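Asks: Kindly generate the complete structure, drawing on both the sequences and the hints.
Protein chains in written order, with our numbering: chain A, 37 to 547; chain B, 37 to 547; chain C, 37 to 547; chain D, 37 to 547.
Calculated directly from the structure, the hints in this document are not laboratory data.
Identical chains share a label here; the pair holds if one copy fits it or two copies do between them.
The calculated DSS-like cross-link candidates involving lysine-lysine, where the alpha carbons are at most 27 Å apart (straight line), are:
#1 K170 x K211
#2 K303 x K211
#3 K540 x K474
#4 K153 x K170
Being a predicted model, the structure only gives us computed values, none of them experimental.
Protein chains: 4
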Amino acid sequence: AMEFEELGIREECGVFGCVAAGEWPTELEVAQVITLGLVALQHRGQESAGIVTSNGASPPVYYSHKGMGLVSNAFPPEALQKLEYGNLGIGHTRYSTTGISELQNCQPFVVETLHGKIAVAHNGELVNAQKLRKQVMRHGVGLSTSSDSELIMQLLALTPPMEELDTPDWVARIKNLMTETPTSYSLLVMHQDVIYAVRDPYGNRPLCLGRLVPSSRLQGAGGETGSAETEGWVVSSESCGFQSIGARYYREVLPGEIVQISKHGVKTLSVVPRPEGDPPAFCIFEYVYFARPDSIFEGQMVYSVRQRCGRQLAIEAPADADVVSTVPESATPAALGFAQQAGLPYVEVLCKNRYVGRTFIQPNTRLRQLGVAKKFGALTDNFAGKRVVLVDDSIVRGNTISPIIRLLREAGAKEVHIRVASPPIRFPCYMGINIPTKEELIANRPEFENIARYIGATSVVYLSVEGLVAAVQGGVASREEKDAVIGGKASRKGGHCTACLTGKYPVELEW
Amino acid sequence: AMEFEELGIREECGVFGCVAAGEWPTELEVAQVITLGLVALQHRGQESAGIVTSNGASPPVYYSHKGMGLVSNAFPPEALQKLEYGNLGIGHTRYSTTGISELQNCQPFVVETLHGKIAVAHNGELVNAQKLRKQVMRHGVGLSTSSDSELIMQLLALTPPMEELDTPDWVARIKNLMTETPTSYSLLVMHQDVIYAVRDPYGNRPLCLGRLVPSSRLQGAGGETGSAETEGWVVSSESCGFQSIGARYYREVLPGEIVQISKHGVKTLSVVPRPEGDPPAFCIFEYVYFARPDSIFEGQMVYSVRQRCGRQLAIEAPADADVVSTVPESATPAALGFAQQAGLPYVEVLCKNRYVGRTFIQPNTRLRQLGVAKKFGALTDNFAGKRVVLVDDSIVRGNTISPIIRLLREAGAKEVHIRVASPPIRFPCYMGINIPTKEELIANRPEFENIARYIGATSVVYLSVEGLVAAVQGGVASREEKDAVIGGKASRKGGHCTACLTGKYPVELEW
Amino acid sequence: AMEFEELGIREECGVFGCVAAGEWPTELEVAQVITLGLVALQHRGQESAGIVTSNGASPPVYYSHKGMGLVSNAFPPEALQKLEYGNLGIGHTRYSTTGISELQNCQPFVVETLHGKIAVAHNGELVNAQKLRKQVMRHGVGLSTSSDSELIMQLLALTPPMEELDTPDWVARIKNLMTETPTSYSLLVMHQDVIYAVRDPYGNRPLCLGRLVPSSRLQGAGGETGSAETEGWVVSSESCGFQSIGARYYREVLPGEIVQISKHGVKTLSVVPRPEGDPPAFCIFEYVYFARPDSIFEGQMVYSVRQRCGRQLAIEAPADADVVSTVPESATPAALGFAQQAGLPYVEVLCKNRYVGRTFIQPNTRLRQLGVAKKFGALTDNFAGKRVVLVDDSIVRGNTISPIIRLLREAGAKEVHIRVASPPIRFPCYMGINIPTKEELIANRPEFENIARYIGATSVVYLSVEGLVAAVQGGVASREEKDAVIGGKASRKGGHCTACLTGKYPVELEW
Amino acid sequence: AMEFEELGIREECGVFGCVAAGEWPTELEVAQVITLGLVALQHRGQESAGIVTSNGASPPVYYSHKGMGLVSNAFPPEALQKLEYGNLGIGHTRYSTTGISELQNCQPFVVETLHGKIAVAHNGELVNAQKLRKQVMRHGVGLSTSSDSELIMQLLALTPPMEELDTPDWVARIKNLMTETPTSYSLLVMHQDVIYAVRDPYGNRPLCLGRLVPSSRLQGAGGETGSAETEGWVVSSESCGFQSIGARYYREVLPGEIVQISKHGVKTLSVVPRPEGDPPAFCIFEYVYFARPDSIFEGQMVYSVRQRCGRQLAIEAPADADVVSTVPESATPAALGFAQQAGLPYVEVLCKNRYVGRTFIQPNTRLRQLGVAKKFGALTDNFAGKRVVLVDDSIVRGNTISPIIRLLREAGAKEVHIRVASPPIRFPCYMGINIPTKEELIANRPEFENIARYIGATSVVYLSVEGLVAAVQGGVASREEKDAVIGGKASRKGGHCTACLTGKYPVELEW
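Replies: This is the structure in structure tokens:
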């Protein structure tokens with residue numbers, strides 16, 4: 037994952053919402069739950085964080101705070117205090133470019149409309165944003181940011197007919213929005229005492245629901261909790277934070293579904309269909325890299341998928357070696373899967389310096405040559421004189437793995453076989469992932485022909501697209517099966533978006 | 037002015053713009069000029085600052101930076117670098133409540149419309165903002181802040197007909213805006229290679245133009261500079277900064293005037309009239325307190341007006357005393373005027389500790405009793421045993437002058453006559469000035485009857501409204517003349533808004 | 037004073053101490069009193085501040101906090117809380133070069149010795165520091181800073197005989213220290229429940245005592261307070277802060293005096309004499325520039341001395357002019373004195389922008405030429421077409437007054453006569469004042485011959501040394517008297533150090 | 037290691053030095069090398085960092101910078117620039133209590149003595165510090181901090197005879213110091229162009245030497261580098277950073293050894309012996325927890341020792357279980373060793389949230405009950421329905437492992453067997469390790485009897501002291517061997533300090 041990190045290949049956002057279910061005002065501290073929920077989604081966005089809570093009254097009073105940096109920086113004690121009277125609320129954590137002026141792009145956005153204030157938090161990227169912007173501006177609306185979230189807000193505010201209605205029909209507006217733009221968005225819209233949780237028809241970005249178990253039950257033996265004992269509901273990009281707030285995983289929001297969350301429970305209001313024949317298109321890179329390994333998508337744990345990727349890789353590309361190891365930490369499940377399938381011992385060969393961070397050294401020639409090695413130390417005893425299979429989760433540009441291979445060789449590795457637990461990235465993403473330009477991607481460059489020599493490895497093999505799909509879809513393919521998949525037709529469990537690997541986008545792109 | 041400061045009675049904003057007049061790109065560093073211009077307007081807003089520059093191309097590229105705090109904090113070197121390629125630009129400095137999330141309210145606002153991006157900076161407060169907000173929202177626009185500036189932007193973006201026009205007619209839109217809202221605003225709108233400088237029909241907020249003299253002339257003997265030698269144009273809330281950037285005062289923007297500023301010079305595009313019979317309504321408190329003393333309004337220096345207020349006060353309310361002094365620093369011109377008129381020696385009696393700032397002492401009883409005295413030391417030798425006239429520019433609530441009087445008495449003053457160089461504030465302002473609630477204003481409270489006893493002074497007299505108007509309008513009234521004014525007819529030079537003193541607002545207020 | 041500020045000519049430090057006089061622990065919050073005391077001494081040091089309090093028990097518990105920047109920055113609420121249990125304490129405010137590592141040089145210093153911990157705060161500079169450092173190091177002591185304060189501490193710790201004594205005789209040690217080094221120091225030494233206040237035999241740096249009046253008396257009519265009602269004692273570099281903490285000026289610590297301050301009162305323990313025939317040498321620049329105008333030295337208010345300097349200057353160097361004015365703010369008393377003596381009207385001609393601060397503009401040629409003018413605006417109406425006498429308190433290098441003169445001339449001044457209310461600085465100071473190198477001082481350069489032309493003034497005259505001495509010593513000299521002084525013998529009231537003006541140092545300098 | 041972290045059980049410091057070996061001034065950027073060296077020692081101290089470099093001239097010029105926080109915070113670019121002219125230098129990274137005033141305790145300390153300036157960096161704690169402080173103070177020296185490093189400096193400065201010597205004999209002084217205090221210290225003393233690297237006679241703290249290989253060789257195939265090609269020498273608490281700076285491990289500094297490092301190479305000046313019969317006493321907790329796993333002590337890699345601890349634990353305390361796992365990350369080598377020895381599969385059961393950090397939540401009852409679980413997510417698929425052996429490296433107080441066990445049980449673990457890869461801590465350390473009070477240590481409390489029930493585990497077993505010693509000394513003991521060790525004689529390779537486990541201190545403690 038080092039290359040992902042260095043290249044800024046990353047998810048754009050995480051969203052989290054909470055509604056207290058008891059009599060309002062409850063004792064449940066909604067802002068605290070959302071803060072911890074955002075901390076658990078921190079890997080999805082580390083540049084800013086925001087929370088808006090509501091007292092749920094009519095008209096509601098909104099409390100809002102946004103800040104730059106990690107959740108712990110963005111929410112100092114006095115900020116949490118501001119938010120403490122909420123009965124429901126939504127939060128957001130986000131990547132963006134640096135600069136304090138970017139605070140204006142932080143979500144959730146709050147906007148006043150003719151029918152009251154709404155707050156919006158959004159993960160994803162609208163494929164037809166340019167067209168929609170024109171449309172909105174043609175109506176005489178000015179747009180003050182380049183963010184999709186402002187655009188979504190103005191689209192929701194604009195939806196005609198405005199004047200005829202006595203009461204706003206927010207669901208009709210959300211459905212109208214979903215008709216205008218097919219993907220990609222997982223969306224939370226808070227209005228008065230309700231949160232609408234929305235996932236685009238292709239289900240490109242994840243979103244799931246959880247139930248807050250009363251603390252009296254948390255202490256006990258666990259076990260089943262009747263719905264009478266629900267203290268509240270949460271909605272989150274990923275389920276990984278649920279344990280840390282005493283919530284139980286409930287279910288995913290389905291592609292195209294609009295779920296209403298209120299103190300009375302969760303209710304499906306509508307499921308907007310895809311065009312006939314179009315499969316769903318959940319981003320396969322959520323499995324490969326973005327999601328936390330303990331999250332659950334489509335009924336399976338991300339960790340297990342990654343482990344199966346490693347096993348699949350061992351089937352597709354075995355190596356005549358003595359030990360299997362990992363580039364810590366994200367490649368470890370794949371490395372363990374590889375070792376297991378290959379019947380080789382798993383050992384650690386690299387020790388990571390947790391504190392490297394950003395030192396402000398303008399390196400002279402000497403130090404520049406040492407390169408990335410300063411992040412790792414070699415655990416020499418575990419591999420000196422041996423043939424090593426080193427599993428990484430990706431090689432995107434190739435310049436962070438080279439110094440690691442050199443480090444291992446200098447410390448005595450006889451051979452270094454690189455096995456990459458995902459296929460090479462070759463195409464841009466227009467649905468919310470920041471990917472380098474085509475020219476920067478190693479798979480599109482001439483060096484790719486001789487990549488092993490280029491990076492100094494004994495051999496290099498990537499996982500096949502079919503192998504990845506097989507691993508995601510629950511099984512590990514034998515070589516024969518894999519050939520079948522290659523020849524073969526669509527996914528078994530439901531489609532996944534593999535556009536960055538294959539160039540096949542889930543919808544036609546319009547500009 | 038201490039009470040003004042402590043009560044937060046203050047101007048809301050300052051605006052500044054600059055257009056280079058040579059061949060583009062010029063050598064004139066527009067962002068530097070605007071930064072210095074904002075520094076000179078710092079007294080009009082110390083909580084945030086922002087600048088947007090444009091390369092003036094078609095379509096233009098905009099550079100923008102905003103930051104919290106004083107201009108010097110908000111514009112670190114790297115921020116100035118971002119802005120350095122501009123040929124024209126506008127800036128803004130502003131008061132607001134604290135909190136980082138307020139950065140989103142910082143001006144100038146930039147908004148993308150169907151016909152390109154515009155940037156807007158605004159000083160003032162729309163008297164009919166609530167009505168206009170409803171109107172905009174009824175059209176289906178969401179408003180994300182409570183600021184008038186966003187409202188102005190959306191009104192400009194919205195003005196129909198949007199679709200029919202091939203090219204935008206920004207002047208028509210600005211005129212339309214001015215029809216919708218009579219006051220109060222001084223406005224800069226940047227579009228492409230032009231800045232539109234706009235002052236509301238009542239001229240409630242100041243705005244003036246200046247010409248940048250080539251630096252070769254600055255070094256020389258000064259003298260006249262032909263227009264051929266103009267290096268650029270500036271527009272500013274006040275003229276006080278012109279000398280610091282090498283500019284020469286040119287003229288005021290007139291009430292209702294739309295001035296176009298481009299590299300070709302300044303041009304009046306339109307003058308929107310007031311309703312028949314309505315006089316202009318320039319805020320009289322700009323003279324009393326807000327403006328810097330070296331600024332010029334209506335052809336006269338603010339310092340001179342304040343000095344005349346002091347002279348007028350000496351005529352209206354003479355005191356049998358030995359010396360005249362000031363509460364430093366803003367009351368000094370009035371004190372000198374008083375001394376001059378009264379034929380009494382002017383001395384300093386108070387020494388201000390420039391460094392007091394905000395110490396985080398939670399004072400116990402003992403220290404709380406010492407109160408504001410920690411900001412001043414007594415210059416005992418200058419007044420011990422004497423009868424002192426102490427001129428202040430205002431007494432709003434009465435609790436900052438008391439410790440000063442006690443300080444002087446303890447140090448040996450025989451009598452302390454307080455003379456206030458402005459009339460008592462009694463009414464709220466709806467045109468951009470932050471004023472305490474009516475109940476907090478001493479003039480609306482029973483203590484006002486015996487104010488001298490209440491604050492511990494020998495005597496207390498405020499300047500009359502008529503006296504203030506006379507001083508502003510160029511002369512000092514004798515007692516007889518003053519009576520004439522009181523009985524009397526309108527201002528000579530043109531009307532001024534005295535609403536906070538008299539309750540007479542320049543337009544009918546609608547909610 | 038602008039040149040003083042820009043050249044960094046400044047006092048090195050201020051010291052402040054407080055002892056509660058009631059039963060311990062008292063209700064008097066000693067740390068708060070010291071904090072306010074340091075705020076009042078802020079002009080003597082703005083780079084760091086420190087306070088050490090003691091519970092006065094045996095052995096004592098010390099609480100200490102130091103921080104960078106102004107007192108308000110250095111003492112956040114949590115820092116004041118740390119200190120709150122003290123019954124006595126000392127504080128210090130200081131200039132130094134920038135850099136966080138300089139925190140280690142912040143005073144007060146606390147040191148553990150064989151006979152307990154002492155805390156030391158010091159204003160001044162030891163003339164024979166180098167010799168003393170060698171002496172200490174020869175005894176086997178390492179010195180970790182270059183500060184005199186560490187040296188003083190080690191000298192106090194070292195004083196033999198160490199082992200023979202059962203109890204430490206700190207007074208003997210302080211006397212021994214005073215024998216070793218003649219000047220310059222005003223020193224506070226806290227040990228157990230006592231503060232020793234020490235002034236060097238030449239009295240080069242100021243130090244004075246005050247009495248804390250019970251708050252019950254502060255509210256009342258003032259008047260006399262018997263000693264039975266003393267709530268505590270304070271000791272301070274200057275008396276200017278006494279009013280702000282409810283203290284009354286008591287007296288100066290005399291040159292060479294060691295005063296013991298405890299809860300039982302103040303007591304002179306010893307007065308160390310100067311060598312026979314040596315006059316005292318109080319720094320004359322405390323009057324000219326360093327001290328706050330409301331401070332009292334030698335029985336007279338600093339403000340009055342400065343005013344007499346202005347009168348003296350009008351006698352020595354009258355000008356044929358229309359108005360007299362000041363470079364705000366420190367030259368104002370001298371300007372008023374000059375106007376009074378000369379019988380000319382005093383007006384303001386410059387308006388200072390309080391917010392200029394440090395903007396990070398790398399000025400291009402154009403803006404650099406505008407120079408210092410950005411700090412001031414011209415109050416044109418007050419002097420256009422007139423001949424102006426502009427009184428400044430100093431011209432050290434000559435490059436800050438030039439742009440001011442140009443500003444006035446461009447705004448219409450017919451003539452600009454510069455009168456400087458102090459003599460030219462020509463020599464370095466070795467007793468605690470930071471002065472530019474000899475070559476940088478305008479008085480030592482060839483331009484000085486034609487200084488008026490050099491800075492663009494109509495005429496330039498400095499106050500004579502004799503005139504300054506006369507003004508300090510209580511009178512204003514007529515021309516005849518002045519000649520007498522010139523020819524003449526020592527000061528009437530007692531000697532002052534004029535070394536930076538005359539090169540005559542109070543003691544022989546050894547290196 | 038979570039309990040170590042939460043309880044603040046930690047190493048006090050790391051030291052690092054570098055001498056360039058070429059012609060001075062060299063191209064080697066010594067400050068950069070030291071900075072990277074300190075980054076690699078960051079785990080030994082994260083509260084402050086300091087570097088002092090020297091140009092090595094006579095007399096030398098020293099450059100110094102210290103800062104709070106991680107090396108990356110403490111050394112911004114402008115700080116590194118200050119240091120850039122050095123040919124040699126030493127650095128230090130440190131733990132301490134919070135508070136800016138602690139900057140004065142940051143190392144390295146620089147002190148001026150009669151014979152020039154020395155800089156000192158120190159890791160360890162002098163067992164007889166109190167006695168030495170008295171001794172120094174009796175000589176008349178004041179001590180301004182409570183740190184051993186200041187004490188060491190003054191002892192070095194003091195060593196008699198001071199005056200007789202023309203030239204300082206620093207080695208004699210260091211030897212004298214070593215006679216005065218037996219342990220514990222690893223010390224770097226820089227004087228002029230030399231660094232003295234000193235390890236106490238018991239070798240309690242680590243210290244090792246490395247050689248900087250020319251960058252030309254780094255690029256090549258590696259291989260041997262003759263001494264002619266040495267670019268410089270480094271000395272460090274641990275070897276883990278050597279690869280990141282292009283250095284090769286050379287050897288350890290021996291217990292009692294004084295090594296002189298200069299541009300001419302490294303030279304043993306003296307080896308101060310221990311008292312007859314005393315074995316060395318290298319801190320065994322360096323192996324257990326403090327050191328980075330890729331460091332080498334006594335010829336073996338720390339990682340391998342930890343792995344052997346796991347194997348030994350599997351021999352001593354096998355468990356009837358299905359899978360073996362780790363509390364990430366520090367217990368992983370032991371867990372892998374356990375799994376290997378026990379023949380059980382190694383799986384991951386916990387996923388760590390890297391971003392938890394410090395959120396400012398004042399948790400209500402509900403959230404407090406969730407406890408530490410917010411740091412971990414359960415990888416359910418890997419252990420649901422299974423019997424888990426969970427290997428941790430320590431249980432000190434027992435309250436961080438409990439929520440983890442509950443987390444695993446709630447997620448479906450059938451049994452949770454805790455195996456602790458180190459013996460229980462029972463005694464305080466006086467040699468540089470911060471350990472909780474005896475009462476806080478679980479092993480000294482009644483709950484220890486039923487620790488499994490107390491923390492909710494199926495079973496709990498700690499590694500035996502003998503087993504730890506065996507693992508450290510190179511082998512893994514069978515049960516029979518272990519019994520022999522228990523009955524048994526001393527260590528094979530050399531003694532280790534096990535005082536915190538056994539109460540047997542290497543030297544008699546005097547107070």
